[in-house]
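Okay, here's what each chain looks like letter by letter:
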Amino acid sequence: MAGYIFRRILQAIPVLLGTTFLIYFMVFAMPGDPLLALFGDKTPNPALLERLRQEYHLDQPFIVQYFLYLGGIFRGDFGTSFSGEPVSAILARTFPVTIRLAIMALFIEFVGGVIIGLVSGLRKGKLFDASALVISLIFISLPIFVIAFVAQFIFGIQLGWARTTVSTGAPIQDLILPAFVLASITFAQIVRLTRSSVIETQSLDFVRTAYSKGLSRRRIIPVHILRNSLIPVVTYAATDFGVLLVGATVTEGIFNVPGVGRTLYQAIIRGEGPTVVSFVTVMVLIYLVVNLVVDLLYGLLDPRIRYVK
Amino acid sequence: MSNNTPSPNHFVAPLEETPLVAIDAVKVGERPSNLWIDAWRDMRRRPMFWISAAIIVLIVIVALFPTLFTQIDPRECILSRSNGAPTATNILGFNKQGCDVFSRIVHGTSTSLSVGIIVIILTTVLGVLFGMFAGYYGGWLDSVLSRAGDIFFSIPYILAAVVIMSVFSAYRNVFIISLAIGIFAWPATARVLRAEILRVKNADFVMAAQALGVSRFRILLRHVLPNSIAPVIVVTTISLGAAIVAEATLSFLGVGLPNSTMSWGNDISAAQTDLRTAPQTLIYPSIALSITVLSFIMLGEVVRDALDPKARAQR
Chain B
1 MAGYIFRRIL QAIPVLLGTT FLIYFMVFAM PGDPLLALFG DKTPNPALLE
51 RLRQEYHLDQ PFIVQYFLYL GGIFRGDFGT SFSGEPVSAI LARTFPVTIR
101 LAIMALFIEF VGGVIIGLVS GLRKGKLFDA SALVISLIFI SLPIFVIAFV
151 AQFIFGIQLG WARTTVSTGA PIQDLILPAF VLASITFAQI VRLTRSSVIE
201 TQSLDFVRTA YSKGLSRRRI IPVHILRNSL IPVVTYAATD FGVLLVGATV
251 TEGIFNVPGV GRTLYQAIIR GEGPTVVSFV TVMVLIYLVV NLVVDLLYGL
301 LDPRIRYVK
Chain G
1 MSNNTPSPNH FVAPLEETPL VAIDAVKVGE RPSNLWIDAW RDMRRRPMFW
51 ISAAIIVLIV IVALFPTLFT QIDPRECILS RSNGAPTATN ILGFNKQGCD
101 VFSRIVHGTS TSLSVGIIVI ILTTVLGVLF GMFAGYYGGW LDSVLSRAGD
151 IFFSIPYILA AVVIMSVFSA YRNVFIISLA IGIFAWPATA RVLRAEILRV
201 KNADFVMAAQ ALGVSRFRIL LRHVLPNSIA PVIVVTTISL GAAIVAEATL
251 SFLGVGLPNS TMSWGNDISA AQTDLRTAPQ TLIYPSIALS ITVLSFIMLG
301 EVVRDALDPK ARAQR
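The listed protein sequences derive, respectively, from chains B and G. Following my numbering, the numbering of the first sequence begins with 1 at its first residue and continues without gaps. Following my numbering, the numbering of the second sequence begins with 1 at its first residue and continues without gaps.
In short, the hints are calculated from the structure, not lab data. Worth double-checking, as some hints may not be accurate.
Per label pair, the in silico range of CB-to-CB distance [what the hints assert, rightly or not]: (1) G:I121 x B:L10: 28 to 38 Å; (2) B:L296 x G:I121: 36 to 46 Å; (3) B:I154 x G:I91: 17 to 27 Å; (4) G:T89 x B:P171: 44 to 54 Å; (5) G:S169 x B:L68: 17 to 27 Å; (6) B:L296 x G:R45: 45 to 55 Å; (7) G:Y171 x B:I154: 23 to 33 Å; (8) G:S169 x B:G84: 17 to 27 Å; (9) B:S203 x G:L198: 19 to 29 Å; (10) G:D142 x B:S212: 38 to 48 Å; (11) G:I176 x B:I154: 43 to 53 Å; (12) G:I117 x B:L159: 33 to 43 Å; (13) B:S83 x G:L198: 22 to 32 Å.
Glycine included, C-beta positions come from ideal geometry on N, C-alpha and C.
All chains should be modelled from the sequences, with the hints used to inform the complete structure.
Written out as structure tokens, the structure is:
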């Protein structure tokens, strides 16, 4: 097990270096002088420009700049936003809100998706199954911002059940609608995946054995079928965490949830390049860490995985 | 029939009963069967296939010849008609700028479709090259190519596209946005192809080709690749829909195409402030977008089911 953890962390290092390098390279390739942009229309003093250039290490070669930036990331320094506030300070303020929203969304999509997927799989070919398949297909093709607007229009404006924008402090009751919207993107995939996994598990030998031993359906379904069908579903949720991050950006922007996503959304809308890059870096790092943790958990849950590769 | 009767003591099966030629003979009348023919037979029986194919054909016609469907100039905007209700000639009403909503949807089709097509060309070329060499040659080449794929895969492609589009804010057009989406979306194709090639390269027909002295590269191109391309086609069809969504999302975020380019994403983005007063300006482009994406995803699913005998048995 220790060997597996070590190997997995070792594999993550080149990916981590590669992703940060790619992002940094994209920004480096940005046309125009970033310092001149700071001065707007004014012509800056050449001496001041030179000092700033040294201060931000812009006179160094690209590779040196990259390692300075990487060192900053490891010290928790993600740069400064356009407003002058350190990105790490903004993160400390907004992250708890996003975590709350993400946990609510994950809970909704898992509980809802697995239950509907299980029932569909058990009643393959029946009316419930057919309608679940069609509805999930429609959800997969709807872009998240369309779902968000339609939800805002129906539940916020027409029915008046929820607030269209979240109030400051982001109380739980205000987050319910955004959480449902955020959940809807991966919800459909979870339904379909659970369904096909349940259908596959149902035909396996150990399930037949359980039936022939005379166990009741009430015991076989949750213990034998459901538990063994969940492995691909959990894998999917981990790899699709990136979709959740993008979804959070759009959802938080539309519902005005004061989280990390809205900060990124507003930075994009205002065209604040450096802030966008800092936040995208943070999100990619979160994504990498989540995937690494899920991989490690797998090794713990399923011994077979430890020995592959 | 045979006329030499075997003696009752030692029974020997009559030799001429089944001439050897008949055993080896190919049934000329029967149509040859392979994966593609089976898949086609399966697909053409399914209404989902015909529905999605018909919608896609319609979308392509709309994209190529928008003027067949509307005579109204989408750029003829009169502010006095701002958010106006539908009339007999302007069936979906007007948007905030007073332009005809239906005409803008029709003329925006080609933007979405071209982004989708350029993106899948890019992801297929990159994905096939990386997946093919990684899966077939293995060893250090596989390690290098797969790690490179991991790096690109680790950045959610819409976030990557946001960075690229922010960087190249001065050059926003259909090509740049397709490049921004495609450059980070290809590892999905590469992974699928690599896995399939790993499976196919040990098949008997590959060994037969090797025994005949066919060169490795030729075996890859002539035997291995054509037999592993099926899952790539499925991924490609579905990612065409995903690419259209990505373009709309980027345009919605304001880092997509410039406002002068007619696109569904731009129209939805512009309409969001009027959700309360004029929901139709937001709903109709959204419906067009969703139907397009739905039909590509539906087609991908049908093709997947048809190409996968296991999935067919499960239905």
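Tested hints:
For G:I121 paired with B:L10, a C-beta distance near 36 Å keeps the hint of 28 to 38 Å intact. Checked against the hint of 36 to 46 Å, the C-beta distance between B:L296 and G:I121 comes to roughly 38 Å, which is consistent with it. A beta carbon spacing of about 24 Å between B:I154 and G:I91 agrees with the range 17 to 27 Å that was offered as a hint. A hinted range of 44 to 54 Å holds for the C-beta pair G:T89 and B:P171, which are about 49 Å apart.
Checked against the hint of 17 to 27 Å, the C-beta distance between G:S169 and B:L68 comes to roughly 25 Å, which is consistent with it. Checking the proposed 45 to 55 Å range against B:L296 and G:R45 shows it holds: the Cβ atoms sit about 46 Å from each other. A hinted range of 23 to 33 Å for the beta carbons of G:Y171 and B:I154 is inconsistent with their spacing of about 39 Å. Hint check: G:S169 to B:G84, Cβ distance near 22 Å, so the stated range 17 to 27 Å holds.
In this structure the supplied range 19 to 29 Å holds for B:S203 paired with G:L198, their Cβ-Cβ distance being about 26 Å. For G:D142 and B:S212, the hinted distance range of 38 to 48 Å is satisfied, since their beta carbons lie about 45 Å from each other. Restraint check, G:I176 to B:I154: a C-beta distance of roughly 36 Å breaks the suggested window 43 to 53 Å. At roughly 40 Å, the beta carbons of G:I117 and B:L159 sit within the given window of 33 to 43 Å.
Distance hint check: the CB atoms of B:S83 and G:L198 are about 51 Å apart, inconsistent with the given range 22 to 32 Å.
Of the numbered hints stated above, those contradicted by the structure are hints 7, 11, 13, listed in ascending order.
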